[in-house]
Amino acid sequence: MSDSRMPFVPMDRAAMARRVAQDIPEGWYVNLGIGIPTVVADHIPEGREVVLHSENGILGMGPAPAEADIDRWLINAGKMHVTLLQGGSFFHHADSFAMIRGGHIDLCVLGAFQVAEKGDLANWATSAAEAAPAVGGAMDLAVGAKRVWVMTEHTTKDGSPKLVESCTYPLTALGAVDRIYTNLAVIDVRDGRFMVTEMVPGLTLPALQARTGATLHAGAELQEKDR
Amino acid sequence: MINKIVDTAAAALDGIRDGATVMVGGFGAVGQPDMLIEALIEQGARDLTVIANNAGAGRVGLAKLMEAGRVGRIICSFPRSAGSVVFEELFRAGRLQLEIVPQGTLAERIRAAGAGIGAFYTPTGYGTRIAEGKETREIDGRRYVLEHALRADVALVEAWEADRWGNCTFRKSGRNFNAVMATAAALTVVQANHVVPLGAIDPEAVVTPGIFVDRVIHHDPQAEQ
Chain G
1050 MSDSRMPFVP MDRAAMARRV AQDIPEGWYV NLGIGIPTVV ADHIPEGREV VLHSENGILG
1110 MGPAPAEADI DRWLINAGKM HVTLLQGGSF FHHADSFAMI RGGHIDLCVL GAFQVAEKGD
1170 LANWATSAAE AAPAVGGAMD LAVGAKRVWV MTEHTTKDGS PKLVESCTYP LTALGAVDRI
1230 YTNLAVIDVR DGRFMVTEMV PGLTLPALQA RTGATLHAGA ELQEKDR
Chain Y
611 MINKIVDTAA AALDGIRDGA TVMVGGFGAV GQPDMLIEAL IEQGARDLTV IANNAGAGRV
671 GLAKLMEAGR VGRIICSFPR SAGSVVFEEL FRAGRLQLEI VPQGTLAERI RAAGAGIGAF
731 YTPTGYGTRI AEGKETREID GRRYVLEHAL RADVALVEAW EADRWGNCTF RKSGRNFNAV
791 MATAAALTVV QANHVVPLGA IDPEAVVTPG IFVDRVIHHD PQAEQ
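One line per chain: the protein sequences are G and Y, in this order. Heads up, this note's numbering is the position in the first sequence plus 1049, with the first residue counted as 1. Heads up, this note's numbering is the position in the second sequence plus 610, with the first residue counted as 1.
It should be emphasised that the hints constitute simulated quantities derived from the structure, not laboratory data. From a predicted model like this one, the values you see are computed outputs, not experimental measurements. Just so you know, even glycine gets a beta-carbon here, dropped at the ideal spot from N, CA and C. A couple of the hints might just be wrong.
[To be verified] Heads up, simulated BS3-like pairs for lysine-lysine below, C-alpha to C-alpha not over 25 angstroms straight-line:
id: 1; chain 1: Y; residue 1: 674; chain 2: G; residue 2: 1128
id: 2; chain 1: Y; residue 1: 744; chain 2: G; residue 2: 1167
id: 3; chain 1: G; residue 1: 1167; chain 2: G; residue 2: 1195
id: 4; chain 1: G; residue 1: 1206; chain 2: G; residue 2: 1167
[Said to hold, decoys possible] Chain Y residues, not near chain G, derived (Cβ > 12 angstroms throughout):
id: 5; residue: 612
id: 6; residue: 625
id: 7; residue: 694
id: 8; residue: 718
id: 9; residue: 720
id: 10; residue: 725
id: 11; residue: 733
id: 12; residue: 747
id: 13; residue: 758
id: 14; residue: 775
id: 15; residue: 790
[Said to hold, decoys possible] On the chain Y side, residues computed to face chain G include the following (Cβ under 7 angstroms):
id: 16; residue: 640
id: 17; residue: 710
id: 18; residue: 832
Given these sequences and hints, build the entire structure.
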């Protein structure tokens, strides 16, 4: 398969974030992981009330402040300065993770190194031998949130698949992932299978399959012309 | 008259021994009791086990304590972050033992210790490296890992307001691990931005009741600038 033709255009980060944000309904309590998922906050449609949770004890987190309005007491889990919306609240770490593990968070969006077709997630260490990895709250979020969506490039920088039959990197959680938003497609994880429900215009299922390390199935949502 | 307020850093940390386990509140720099950490460097206790979410940044605070060679072991969830240079150096040189604990498990192990719970089953980490060698159990169709309570000899906490009984409030995201750690140590020392008269804190607003607190020292970092 030749890439030189490039009949399709992968989404950039902003487009991916817009695509994820589109699927978050009003009223959900949502935790956005560090890195690319954080960008989703900037693309939630105006007027749609979504309550953002941050592991370090914030509900109702608002956007980054202007330089002059920075409050040294108010950071998010990525240690960036944030603001608090009206109706927001603060709490300690044990309560924060009670919300997470207790199934009170409607959605968590996480980055990934690898996702397996059974929904296993690897997103905290890149090799079993890695000396000092940092897990943070990822394992709690992956098992605790009602839904886990992964947001990631479809392949690594060198073109290796990130969607695989089984993860080779250390696991974050077993069977945790419900849906994957990549720069090429939206893929549901259903009954241990990758179901493609959407692709960027011009991309075909065989072309997507060539960039994927496990068998893809066409979801009913995928229009006939794309198959 | 009960008076937990002490005037000097030396009095605040009096009695901390070599080999002690020390909880340090904060999440990144927010809520990290910097003055008490400085005082601990001054105080001189060695071979410490530190329990904290992070492993310090730059060469100040927790990183400075580690760089001074006073920490033999650290229990944390996210040691590696922008600027965690001292941790990286010590770890690579084999001079620091590391126990990685998922953040929610860390908070709950500390909470359990403060609440008199010996251990608990959590779904976090099941089927991963974190669960290796640990007891697991299926409860109502879900799989759990047994995690034990985590207590300490000393907790160093940063509060916003405190009174002479030790009642504390916290500031915004500065509450984080502070309010949990305050419950889980034999000796809890609070660095308070404001020391207020008894009765000045609305009882409805007290986050950490004084029963959990042994010593309070006033430290207003803004006043130093």
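These are the hints, each one checked on the structure:
no. : hint               : result
1   : Y:674 with G:1128  : holds (20 angstroms)
2   : Y:744 with G:1167  : holds (24 angstroms)
3   : G:1167 with G:1195 : holds (17 angstroms)
4   : G:1206 with G:1167 : holds (24 angstroms)
5   : 612                : holds (25 angstroms)
6   : 625                : holds (27 angstroms)
7   : 694                : violated (9 angstroms)
8   : 718                : violated (6 angstroms)
9   : 720                : violated (7 angstroms)
10  : 725                : violated (9 angstroms)
11  : 733                : violated (5 angstroms)
12  : 747                : holds (15 angstroms)
13  : 758                : holds (16 angstroms)
14  : 775                : holds (20 angstroms)
15  : 790                : violated (5 angstroms)
16  : 640                : holds (5 angstroms)
17  : 710                : holds (6 angstroms)
18  : 832                : violated (9 angstroms)
Checked against the numbered hints given earlier, this structure breaks hints 7, 8, 9, 10, 11, 15 and 18; the rest are met.
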